[in-house]
Each structure stands twice: as structure tokens, then as C-alpha cells.
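J.: Sequence:
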Amino acid sequence: MSDTILRQAVIDAEFRSALIADPAAFGVEPAELPDAVEAVDQESLDFWTKGIAANEVVACASTCSAGPFTFACDGSTK
Numbered sequence: 001m002s003d004t005i006l007r008q009a010v011i012d013a014e015f016r017s018a019l020i021a022d023p024a025a026f027g028v029e030p031a032e033l034p035d036a037v038e039a040v041d042q043e044s045l046d047f048w049t050k051g052i053a054a055n056e057v058v059a060c061a062s063t064c065s066a067g068p069f070t071f072a073c074d075g076s077t078k
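Residue numbering for the sequence shown follows my numbering, beginning at 1 and increasing consecutively.
It should be emphasised that the hints constitute simulated quantities derived from the structure, not laboratory data.
None of these values were measured; they are calculated from a predicted model.
Cβ coordinates follow ideal geometry from the N, Cα and C atoms, glycine included.
Careful: at least some of the hints might be erroneous.
Said to hold, decoys possible - Simulated restraints, written as ranges between beta carbons of each label pair:
(1) Thr49 - Phe15: 23 to 29 Å
(2) Ile20 - Asp41: 21 to 27 Å
(3) Ala18 - Thr49: 25 to 31 Å
(4) Val40 - Ile20: 16 to 22 Å
(5) Pro23 - Gly51: 22 to 28 Å
(6) Glu14 - Thr49: 29 to 35 Å
(7) Val10 - Gly51: 42 to 48 Å
Start from the sequences, fold in the hints, and give me the full structure.
T.: Set out below in C-alpha cells:
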């Protein structure tokens, strides 16, 4: 099994389903696949990107420091 197919099967649920449905088309055995990663929780993602939390981050954007999982503001806004 190629590294590309392996990575795709781990992160892409739709591709993984197609691969398991017809493994011969990809030249793999389903037993060779590692566990898939957890699917994205769309409701949580929307909360942080479109919901109340997103508005709070925008409110102090000029004084915020943001990382992939955290953000911190000094309290002043423009």
C-alpha cells in the first residue's frame, strides 16, 4: 500500500469507505489500514469560526495573540 493511500484512508472518511467497499480497486486489504482519525465536529468548528466565540475574537483582534488552540487578549479594543 502506498503512503499516499494510507494517509488518505486515515484522514478522509469518504475515501476510507470507498476503499473498504472495494479494496481490490486500490490493491489493499482493509486489515492493513490503521485506525482513522476522529471526524471533525462541525458544530464545534462553526462555534469557533462563525459563532459567539468568533465574534469575541474579532472584538479584540487588534490586541490578540492567537495560536492553533488558544488565544489571549490584553483587554483593550479599538
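J.: Tell me, which hint numbers fail for this structure?
T.: 5, 6 and 7
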